Amino acid sequence: MRIPALASLVFALLLSAHEVVAEEFVLIVNRDSGISNLSREQASHLFLGRVKMLPTGARANVVEVEPLRAGFYRRLLGREIAEINAYWARLQFSGRTQPPLRVPDSAAAVARVAEDPQAIAFVDAVPEDARARVVLRLGP
Amino acid sequence: MRGWCCALVPEPASGGDAPPRAFRRVRRTRGIAFRTTASILVFGGLVGGIAAVGSAKLIEHKEHRRLNDALVESMAAVQRTASVAAYARDEQLAAEVVAGLLQSSSVAHAEILEGETVLAAVGVGAAQESPNGAALRRQLRSPFDATETIGELRVVPASAFIAAKAADYSRLVASLLAVLVLSITLGVAWLVGRGVTRGIGRLAGELHGLDVVSGSKVTVPAGHAEDELGRLAGDINALLDRVEAALAREREARGLHAAAERKWRLIFDNAGSGLFTLDSGGGLVEWNPALVRALGLKDEERGISGASLAALLGDEGGRLERMVAAIVEGDEVASADFERRDLEGGSRWLHVVLNAIEGRRDLLQGIVNDITERKRAEDKARAQAERDALTGLLNRRGLERAYSSRRHEYAGTAGLGVLLVDLDGFKWVNDNHGHEAGDELLQLVARRIEGVVRRSDKVARIGGDEFVLLLDDLKSMSMARNIAAKLVDAIGQPFAVLDGRKVRIGASVGVVFTQYPSGELAELLRRADAAMYEAKKAGKSQYRFAFPV
Chain D
1 MRIPALASLV
11 FALLLSAHEV
21 VAEEFVLIVN
31 RDSGISNLSR
41 EQASHLFLGR
51 VKMLPTGARA
61 NVVEVEPLRA
71 GFYRRLLGRE
81 IAEINAYWAR
91 LQFSGRTQPP
101 LRVPDSAAAV
111 ARVAEDPQAI
121 AFVDAVPEDA
131 RARVVLRLGP
Chain A
1 MRGWCCALVP
11 EPASGGDAPP
21 RAFRRVRRTR
31 GIAFRTTASI
41 LVFGGLVGGI
51 AAVGSAKLIE
61 HKEHRRLNDA
71 LVESMAAVQR
81 TASVAAYARD
91 EQLAAEVVAG
101 LLQSSSVAHA
111 EILEGETVLA
121 AVGVGAAQES
131 PNGAALRRQL
141 RSPFDATETI
151 GELRVVPASA
161 FIAAKAADYS
171 RLVASLLAVL
181 VLSITLGVAW
191 LVGRGVTRGI
201 GRLAGELHGL
211 DVVSGSKVTV
221 PAGHAEDELG
231 RLAGDINALL
241 DRVEAALARE
251 REARGLHAAA
261 ERKWRLIFDN
271 AGSGLFTLDS
281 GGGLVEWNPA
291 LVRALGLKDE
301 ERGISGASLA
311 ALLGDEGGRL
321 ERMVAAIVEG
331 DEVASADFER
341 RDLEGGSRWL
351 HVVLNAIEGR
361 RDLLQGIVND
371 ITERKRAEDK
381 ARAQAERDAL
391 TGLLNRRGLE
401 RAYSSRRHEY
411 AGTAGLGVLL
421 VDLDGFKWVN
431 DNHGHEAGDE
441 LLQLVARRIE
451 GVVRRSDKVA
461 RIGGDEFVLL
471 LDDLKSMSMA
481 RNIAAKLVDA
491 IGQPFAVLDG
501 RKVRIGASVG
511 VVFTQYPSGE
521 LAELLRRADA
531 AMYEAKKAGK
541 SQYRFAFPV
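The listed protein sequences derive, respectively, from chains D and A. Residues in the first sequence are numbered consecutively from 1, following the working numbering. Residues in the second sequence are numbered consecutively from 1, following the working numbering.
Relax, there's no trap hidden among the hints.
Here are the simulated distance ranges between beta carbons: (1) P140(D) - E73(A): 38 to 44 Å; (2) E148(A) - V134(D): 23 to 29 Å; (3) V134(D) - E73(A): 44 to 50 Å; (4) Q79(A) - V134(D): 34 to 40 Å; (5) N68(A) - P140(D): 48 to 54 Å; (6) A167(A) - R102(D): 52 to 58 Å; (7) R80(A) - R102(D): 20 to 26 Å; (8) V134(D) - R80(A): 31 to 37 Å; (9) P140(D) - D145(A): 18 to 24 Å; (10) P140(D) - R65(A): 50 to 56 Å; (11) D145(A) - R102(D): 22 to 28 Å; (12) E73(A) - R102(D): 32 to 38 Å.
Because the hints were derived from the structure by calculation, they are not lab data. Since the model is a prediction, treat every value here as computed from it, not as a measurement. Yeah, the Cβ is synthetic: ideal placement off N, Cα and C, and Gly gets one too.
All chains, full assembly: derive it from the sequences and hints.
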């Protein structure tokens, strides 16, 4: 188990040279979203498009930080980014389920969440912006 | 003798050559090639049919399994996408997946469920309603958690399609089998026809039309020199050789036999003696020209095959019948003379000898010789020997014969008169007028005696001047007396001898009259002589009766 895990890690590193390895991933929503916290499962469902609505019933606008994706999904689902990409590739084929919006860094994600009450994103640290509310923390 | 007889014995019917039957062409449907082909066709068709039916079942089953497996594989192929669609609850993707599955004509219905919700369904009927309930199901698990079941992929196979496909496949197999059986059959038929039947047919035709005598041979069918057909042809030729050799020997033997037969036939036909064979009933079987001549038959009488020889011999044929019977009963040989009278009043004497043929009780052989000339010469000689040269009357021997040949006729008849005549005074005429006058006188006396007696009576001169008369069939003693008296009177008349010299003599007659002649003539003569002596003693020129015994 250890060897394949290590191998996949090395593989991931090689694939995304610019990947940032974060200590912690934090899921944030707009403070006006009416959501105080989310379970891992709810988070998974939202980020994988299984659930398209926020618990409040509003449509969820899911945001990904490009450099953090691999680390995040590994932390959240224990899956490699390739699998996630393949998953989305299949769904994109139909055109019905849209993948999350991708932003270049955590700041952009925070800014997006600050603007949009229906937005949900993951970042690598608890943001300082008060308009963003942490609903789930994925520690190491 | 044996030679010609053997040639004449009819041979047992020599097996005449039966007319050759027309060569019967073997009917096509009876030919070996046809029958072999038909057998193979029937057998092959039967086996092929059973195989086709059996394989149809097997193929349907296999095809069903194969299509099922293919479906399972297809489902496995789309499973991941289906899982994704179910996971993302993406009806669109789900619809794409099931539509992809439905592309296969072996799929009747396909659907993807997420939980209990049908995400997408295509095809006819629902999974629950599918015939046989043979829906294939596959659990859909979360792409990210293999332990979580999120839905199901259901596929209903198109059973009718599969069955039809299996049937197609079966038909294909069946037609392949049919083609196989047919081609094998035709191949075998061709081989049999070309390799065996044609050779045999040709051989049979050739053999049928073969003329053994000409020494021709059958030809070994081309390409069959080393096989059974070649051996058959070779054996036929060897047999033909042997038959030909046997025929040649037979021909030679026949030639020899025919030459011998011709020789015997020549002898037979030209023999001076009449040669013939008779059946046991006395009918003529074979005869030669000499027999026809001997029998004095005319041309129109020559068709005498089967005619009774006894009948042809005429009045005396009865004796021949007895001879035939004697031979048939076991005698070796019998012979006799026959006098055959012809219509013109002439007669021929035939000496007939009959022989038994060794080993044949139903056939006799015989020989006929015309002995007429000899017989006549004999008769003449005997007549001369029995006549008195001077008077032409019987002499003593003639008298003896006449008596003995008629003796059986005298028995039981009215009566027999024996008259002994002794001339009185003959010695005087002889001494005074010479022997010539004596001889002439004796001749004249003889004529006078003949003039007195009947034609059937016998007159003999048994001594110098002694005459004997045998008078047949006398009704009474007085008739004898009458004749004796006439005789005495006739001889008592003067005779004219030697140019008219008149002489007178007398006759002393002794008469024996008997109604039961017995014993020897000599005895009768002795008694007549005694009576004559009595007449002489009484004065000559008179008659006396002998005392009855």
